[in-house]
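Got two chains here, each in a separate frame; can you build the complex from them with the hints?
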Amino acid sequence: MVNHPEPPLVELNDISISFGGIKAVDHVCVDLYPGEVVGLLGHNGAGKSTLIKCLSGAYQMDSGEIRINGDKVNIQTPRDARAYNIETIYQTLALADNLDAASNLFLGREITTTAGFVDDVTMEVETRKIMARLNPNFQNFTSPVSALSGGQRQSVAIARAVYFNARILIMDEPTAALGPQETRMVADLIQELKCQGLGIFLIDHDVHQVKALCDRAAVMKNGTLVGCVDVDAVSTDDILAMIIAGKKPGKKPGHVAV
Amino acid sequence: MVPRLKIFQCVSGRSIFRTLELDLRLLGMIGAFVVICLVFNIATDGRFLTPRNLFNLSVQTASVAVMATGMVFVIVTRHIDLSVGSMLGFIGMTVAFLQVQILPDIFGFGHSAIWIIATLAAILMGACLGAAQGWIIGYLTVPAFIVTLGGFLVYRGAMWWVTKGQTQAPLDDRFRLMGGGAEGTLGETLSWGLGGCAAVAAVLLILNSRRRKIGHGFKVKPVWAEGILAAMTAGIIIGFVWIMNSYPVPDGAMRRIMTAQGLEWNGDIAWNHGVAIPVVILIVVTIAMTILASRTRFGRYVYATGGNPEATKLSGINTRLLTVKVFALMGALTGISAVIASARLNAVDVGLGTLDELRVIAAAVIGGTALSGGFGTIYGAVIGALIMQTLISGMASVGVDAPLQSIAVGLVLVLAVWIDIVYRRKTGVS
Ligand SMILES: Nc1ncnc2c1ncn2[C@@H]1O[C@H](COP(=O)(O)OP(=O)(O)O)[C@@H](O)[C@H]1O
Ligand SMILES: [Mg+2]
Chain H
1 MVNHPEPPLV ELNDISISFG GIKAVDHVCV DLYPGEVVGL LGHNGAGKST LIKCLSGAYQ
61 MDSGEIRING DKVNIQTPRD ARAYNIETIY QTLALADNLD AASNLFLGRE ITTTAGFVDD
121 VTMEVETRKI MARLNPNFQN FTSPVSALSG GQRQSVAIAR AVYFNARILI MDEPTAALGP
181 QETRMVADLI QELKCQGLGI FLIDHDVHQV KALCDRAAVM KNGTLVGCVD VDAVSTDDIL
241 AMIIAGKKPG KKPGHVAV
Chain U
259 MVPRLKIFQC VSGRSIFRTL ELDLRLLGMI GAFVVICLVF NIATDGRFLT PRNLFNLSVQ
319 TASVAVMATG MVFVIVTRHI DLSVGSMLGF IGMTVAFLQV QILPDIFGFG HSAIWIIATL
379 AAILMGACLG AAQGWIIGYL TVPAFIVTLG GFLVYRGAMW WVTKGQTQAP LDDRFRLMGG
439 GAEGTLGETL SWGLGGCAAV AAVLLILNSR RRKIGHGFKV KPVWAEGILA AMTAGIIIGF
499 VWIMNSYPVP DGAMRRIMTA QGLEWNGDIA WNHGVAIPVV ILIVVTIAMT ILASRTRFGR
559 YVYATGGNPE ATKLSGINTR LLTVKVFALM GALTGISAVI ASARLNAVDV GLGTLDELRV
619 IAAAVIGGTA LSGGFGTIYG AVIGALIMQT LISGMASVGV DAPLQSIAVG LVLVLAVWID
679 IVYRRKTGVS
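Chains as they are written, first to last, in the working numbering: chain H, 1 to 258; chain U, 259 to 688.
Isolated chain U, as found in the complex (with noise of 0.2 Å):
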């Protein structure tokens, strides 16, 4: 009896570390942001931290968050994706041609089914593209790396092609919503109602996983731990609306909203911007990923895959399948962003979406997603995309050049990454 009260005093005091280890984590994340938010507010005395400024922030980390959700998958599989950016150029300049070329003469101009069709074109498009990929890198085994690679070159050339390099614009009104900007918001009424939800839900969430446990007698973690979550969260979503709700839509858009409603408008209304849609959509797509990560079957497998490939086969998986189907959502993820990213911009130009493969892979990695395969999460890449954008917008906004930037994105990558290594290390998972 004594021995056995030893070994499970012994494995209580180590299940406790990890208990909070997935909140070590995502604390750090959260602190290292805030951190680089407060040293650019304070090199530009106090303009970084506006709710102007976080509100685009949070549209331009969109695009290249919601490819991160997907990219985890692809990475904690042990493979890579290097065509994400050439085929968001190719997919937006697709659906580009299709609303300005091909759709307003079968439906009319400004018909309200171009944007849906353009929209379900992206993403079953990119969803084809990446399960083509996953297909030769799943059944006739040619390695991630080359079958990108190759599709990074193919794309950015076929994408040329579509309009023998013309610049298309400019896009549908409705579709244009997805971009942001101040008419592609939900505006402040919406934004609080939705955020109060989510903050009641995410509430709700935590104490009834909590109460499952325990209803099965399983360790949880202490009362204060999850409060501190629990609070954290309603806190971040609650801040989170209120600082996009701070933000006033300028004179200039406010007549040009109130003109297209064929009023007048003299100065005596005030609006605020709210949720942009593009962050919606990534909000959306970030739950979508983690309960699909984490619940079902498929994600279970992802990460099996990624642990072992062997065992996972040999328990009857067919991961070759699973290659293609994981392809195939970092494809249709990809074709999610080409509407954000050419809906933000009104316009495709033949250089959309360049670079944005490596942006996408620093931020799973930057996230903790390791290369070596079998970790990752989707909060991770999402936080992680938010700094890499956090960085760019702040060192650009503080008057670093161009060249500068990229070297100091590129140092802090390293550096993620290491402290990743070191922090695992220290953690005992592997």
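Here chain H stands alone, though its shape is the one from the complex (with noise of 0.2 Å):
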């Protein structure tokens, strides 16, 4: 994994960010290449959400770079991240509970019809088939998501960020909500899209399902980067430390790049 001919897909160099005097992420250094699984790990509130939320648009940084193939890029608004193939799952799944499931799939870029009206007939038709190699049991397309389970409304995301032909793909805790079934579902997704060559975020609190999910893990703690290793290199309980402890394993305190 050390030799990458290519420059990263991603690169996020000393992003920080701060809310009222908090510093929910400080000087954080993370980098994906394409076709790879970075995991970030990290207790509730250690600053993952709202790194890959610098990322999407959602939250300008108030200091570092984001790089995508090597070029220094402008990320102000989730539109700036889309336009680079940038799609993001988020934690609270960012869907609209009263429009149904071809309208929260599409919200932003609906197609239209050469009048220039809203064309949900092959909006549906377009969702019914991207659900049908997500999701079979995926059936209810005219509700309001409100009305759907935590495991449908999920698949709604997720078919939201794959649809659009995604380079990078940031998924928050996307799991959070499914049962083992679906679980690994999106577990078989996430391999068939690292095999398609796109660079995956993945945030998640299941170290085992990140030890078999991703090439290298990167451990936040109150804001600040506690390490990225290879997951391979190290044990669950490695990772479970740098986690609990800030530490991380084997190596000269302090030394923190990758």
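Each hint can be trusted.
Here are a few chain U residues that sit away from chain H, every Cβ distance over 10 Å (derived from the structure):
{"no.": "1", "residue": "419"}
{"no.": "2", "residue": "664"}
{"no.": "3", "residue": "684"}
Distance condition first, Cα-Cα at most 27 Å in a straight line; then the derived BS3-like pairs of lysine-lysine:
{"no.": "4", "chain 1": "H", "residue 1": "247", "chain 2": "H", "residue 2": "211"}
{"no.": "5", "chain 1": "U", "residue 1": "479", "chain 2": "H", "residue 2": "129"}
{"no.": "6", "chain 1": "H", "residue 1": "194", "chain 2": "H", "residue 2": "72"}
{"no.": "7", "chain 1": "U", "residue 1": "477", "chain 2": "H", "residue 2": "129"}
{"no.": "8", "chain 1": "U", "residue 1": "471", "chain 2": "H", "residue 2": "129"}
Quick look at which bits of chain H chain U covers, simulated, 3 or more residues with Cβ under 8 Å:
{"no.": "9", "region": "68-80"}
{"no.": "10", "region": "86-94"}
{"no.": "11", "region": "118-129"}
Quick caveat, the hints were computed from the structure, so don't treat them as lab data.
Note that beta-carbon positions come from the ideal geometry of N, C-alpha and C, so glycine has one too.
Take a look at the structure:
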């Protein structure tokens, strides 16, 4: 994993952001290569969601830089992020509860007819297609998503991220609301997308899952990066120690760069 | 395979319920309207359900109903607009002043440019005032309640300054046509023509949408439900035109119209009113707003913002600008209503539009718009306005005092919202 000929897909360099004096993210550096899954771990409030929201355009970082394919980019809004093929599954899912699955999937990117009107029929057809691939059990295309189960809502959020040919996928606790079977489906999907060459940031609390799915794991604590390790080089206990104690195993303290 | 089939069945059972849900709500409101009409008709010994009364009812509803369609968007995005009544007064006074004091000096008295300029000025003025409020709400993040409460006071005061409180009258002849009255109608032939076209178009639209859904293998309403819907729509359109075409123009107005055309009238010709022009304006606004709500990105974002403002922002939608647009639209519609209201009265005094904001909000809410945001229909708001106007006119014709009328309308408002809440809970739509 050390020798990558091409520049990283994403480089988050020295990212900082604070909210009213609280340093939610404090000089964090993480990178991501194509076809790689990088896990982000840490206690609640560690700053994982805040960090990825700087990449998804939901927040504007106070300092630091983001590079995509080696080029410095300026991501101010979610729209900017989408333009770089960055798709995000937010921890809160970010669904409009009063709209149906198709309207949510295409929110902000509606398919329109030649006359410029939204084409609900075509959008529903497309939604049915992607759902048949992601979650064949999903059949409720006419109800507002508030009427759906947690797993079904999660499917809608995942479908929205996958449908638009993402190159960079951010998944913030995508399996939090899911049962074992659905969790396995998400794991399979991550494998499939990885094989297609996407770079994926996966925020997950399940250390075993991270070890199974991710290539590297970055651990955060109190807004700072504890370290970023190759998951095959460490044990789950090592990762847990990083999360709990905030110390990187077997390396000189303070040396945190990749 | 078996568990999947089971899920499918249970889901399809629910979606049939949902298919009918929209129609149930519509039927419920129309049912309430019919019941209210019948009650008043009995109470007045048949004087309520006459073409004359229904014609007046339609004209009286127009101004509030036009604004109520805009209020749906405002409330759906979790805002409120308390300023529309005062804004209507301010706009009405300004354009009345324009056509009484300014424009005749430029173009000459009765010039046809006057009504066009006055109307455009009203709409533009409303859009600008609304956009300014929307900008303060969206970009400076002052709550809509406060901004429009401020607007409520500012416009009422500004209205007085336009003419130092002087009533402006009479208005331009062509401008006055937009307020209804004997002259301000389509007339019999045009009403039939338009009604016929509208009925055919409505049925074709329903059939077309059904064909399209079937083409994609989607579930459609049962044939009987679709049939009832189509027949009801066409029936209401034709029935409405028929009633409006049964209201004869009174002798005095007949003589006035004939004299204006340089003819003698001695009772040999009888005309009927037909659909009033303010009602035509209302119908056009309703159709345009319905298309905007359900067929455009703008409308989709309005509802998405109401459902989850955060998610809408995260989808790359500029919700601040959307707020400006929603209030600008509300203002433009208030401008249209100002034209209708001032034209109907043929005079503007400083009281024009007083309490209209509450009527408009009540109409939207009676029509099923949820104050928590995200839910509301344009047709609901229009029917809500109609129901409220029916109550007010009906009580007046029965001889109920004004204070009692207020009490009754207030109670009906609360009752309607309570029924709506129970209904939503029962059908599982939050
Ligand atoms: N919009 C915000 N306003 C204020 N504080 C915030 C905001 N977003 C996050 N924070 C704070 O930043 C810290 C990190 O939160 P978060 O990134 O959600 O943690 P995690 O996702 O790792 O559980 C927390 O202390 C949280 O309270
Ligand atoms: Mg989080």
